[in-house]
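*Asks:* These are the residues of each chain, in order.
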Amino acid sequence: MRALVIDDSRTMRRIIVGVLRSLGFDTLEAGDGREALDVLESGIPVDLACIDWNMPVMNGLEFVLAVRENRAWRGLTLMMVTTESEHNQIVRALAAGAHEYVIKPFTPDAIRDKLQLLGLVELEESA
Amino acid sequence: MTLAPDSFSFVADLVRRRSAIQLEAGKEYLVESRLLPLARAAGTVDIDAYIRTMRASAAPAVLEAVVEALTTNETSWFRDAQPFATLTEHVVPELLAGRLGGGPLRIWSAACSTGQEPYSIAMTLADLVPGGRLKIHATDLNQQVLARARAGRYSQLEVNRGLPVTMLVKHFARIGVDWEVAAPLRAAVTFAQHNLLDVPPMGGPFDVVFLRNVLIYFDLATKRDVLRRVQRVVRPGGYLLLGAAETTIGIDDDWERVTVGRGSVYRLNVRRAA
Chain A
1 MRALVIDDSR TMRRIIVGVL RSLGFDTLEA GDGREALDVL ESGIPVDLAC IDWNMPVMNG
61 LEFVLAVREN RAWRGLTLMM VTTESEHNQI VRALAAGAHE YVIKPFTPDA IRDKLQLLGL
121 VELEESA
Chain B
1001 MTLAPDSFSF VADLVRRRSA IQLEAGKEYL VESRLLPLAR AAGTVDIDAY IRTMRASAAP
1061 AVLEAVVEAL TTNETSWFRD AQPFATLTEH VVPELLAGRL GGGPLRIWSA ACSTGQEPYS
1121 IAMTLADLVP GGRLKIHATD LNQQVLARAR AGRYSQLEVN RGLPVTMLVK HFARIGVDWE
1181 VAAPLRAAVT FAQHNLLDVP PMGGPFDVVF LRNVLIYFDL ATKRDVLRRV QRVVRPGGYL
1241 LLGAAETTIG IDDDWERVTV GRGSVYRLNV RRAA
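Protein chains in written order, with the working numbering: chain A, 1 to 127; chain B, 1001 to 1274.
Next up, chain B with everything else stripped away, as it sits in the complex (with noise of 0.2 Å):
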């Protein structure tokens, strides 16, 4: 998926008029990822449809939520914290107690985005699960944003977002200006792209899915369609992880809610193991 240069500069001179925020070339993964959601809420996937659609009818609306899209909400670390703290507290020491001396914690993280949220898995359960035995499978629609994530390099205003500066000094190294996920980290993830209304990837089953804010984009048919392919790769008893606005209720019955401090996480019912 490459966005058309007349695609970009029209999003661009858009983005300039009514924010001032300057989108420079080579930020054409930003306009991609960040446009996805919309564009699937209209229908689509391809970007350069989705723009000469907006183009073609220019509503007010629409060019207001591109413009919001790519101005406000960019991807933080550890985003929400609640998962995390869900992960660390409940999910993974359950997990880790009931397969003693067994293999490797297998955790997908979908819809990954540049990596911030497979990387705040990596360091959050840096010291809980044994070096080796956990392995983060990330993927992506998007060749730009994972191209970026497999590069573990932020920039200052991006390790700025949420992570705590102890998690910092401790996993990142200073590159230049930049800042790197460092190599222990990045052993434990992989990265591929992946549809999520393709067949399920590889490199399960897993043990935990995180699935956030990708749900809440499409339609009911669609959600339930998506909650089936990833059910297939979770193991029974595993837990889906999905965004503060999103849950399985009322779309697929097989995930039981389990309410976990201030959070809920869906465990995968173990009767539908087949």
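For reference, chain A alone in the conformation it holds in the complex (with noise of 0.2 Å):
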């Protein structure tokens, strides 16, 4: 599975990578949705997307739209991990197409719980 993390901040980037690799993912990063386009149309093959909200360049609704568009990358997975907490922002992400929605802060059990719920982490069963 390789997982695009799609944040202008590095730092964050950083720890969303650091959860998803250590869940098994391979990662790539983008900084904004523009970068994170060049990624899918350069043909790597790509699973999941993680996708921060306000960025420059092209926000991640945007991106979100455009993936939408684009019959060949139907398959993508796309989480939205946002502080926007609006439940109206909530329902237009989930309207423009994105799948699941983690609202930053977030523990990593969080990204863990909700992968599983899209069938991209194996459940693990609690005793």
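Just so you know, these hints were derived from the structure itself, not from any lab.
In this text, all values refer to a predicted model and were calculated from it rather than measured experimentally.
Don't be surprised by glycine CBs; every beta carbon is placed ideally from N, CA and C.
Hints may contain errors.
Here are the simulated distance ranges between beta carbons [what the hints assert, rightly or not]: (1) Leu118/A - Ala1192/B: 31 to 39 Å; (2) Arg92/A - Asp1198/B: 44 to 52 Å; (3) Pro1130/B - Leu118/A: 24 to 32 Å.
Dock the two chains into a complex; use the hints.
*Replies:* Here it is as structure tokens:
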């Protein structure tokens, strides 16, 4: 599994990349939506995108809409990871085509839980 | 049950030194609910007594277990996922088919802690069971966790844990920095204090009982005792859902294991009907 982490904060990318690697993902990084589209357009297969909302050049919502317009990327799972936490903002992201949503701040367990829901991480039953 | 201030400060200090996690005043409920299973395993439900013994002995393994209990395994929504799939795919369709036009579906969520389990059940069944026909009775020994469960208000960190975003936007409202369970869901759930070793709770007979990750902390005799008490309030043919590491096999033969997909449920033998 390969994940693309899209966030304009290098620190935040490092945190998310760390969590994803611990879950067995290969990772790529992009600093905004445009860079992320460049990665996808290069043809590297990506299974999951973790997407910040507020970024320069192209924001996360615009990225989600752009991905949804390209049939070739239909298999890509889109998960927002953002401080945007208003009810209507979350609904907007879902309507645009995001599959899941993690609100910052988050714990590593929150990322794992969501990826289990999405079927990207094996469910490990707790005792 | 109220935690003594010096018990709380001892635990808060221990956890801060070992994990850097701060337990501020007001988190007494968290200490009580997380340490209750450990206290039970040590033969008491008195958390203060448990903490006094722990302080006196200072056994490294015990201190480590306490820190772990307080720093990991937060209560999450739809915990383990499988029981909820089993509920919608097998248990509830069968129960509803067998009771056309009948009364409400009654579910007991035992040891419900801060309420994520009963509300997860309510969300799971919201589209399957007609409004007003779903009655979930949620119990816990601890009054503080019950107060939180009743309030139905969860922090951002709590709603991040295992709750699908579609469920969040459908069943919760944003209140300040928290999220609150919406009224229709709350209407399906009642909360009450209950000790599993006392007489079974009111609100039955139940069609389904969630008793997950509780039996693992009891010895064999106590497990048997709890299961006997539970079966007194379950309809014949009703179902029991246990944690992944738990079973009735070898403890109480009145329950029959039914394998559904990757999981198991336990069905109370109709023969027993008395």
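*Asks:* For every hint, state whether the structure bears it out.
*Replies:* Hint-by-hint comparison with the structure:
no.: 1; hint: Leu118/A - Ala1192/B: 31 to 39 Å; result: holds (36 Å)
no.: 2; hint: Arg92/A - Asp1198/B: 44 to 52 Å; result: holds (49 Å)
no.: 3; hint: Pro1130/B - Leu118/A: 24 to 32 Å; result: holds (30 Å)
When held up to the earlier numbered hints, the structure conflicts with none and fits them all.
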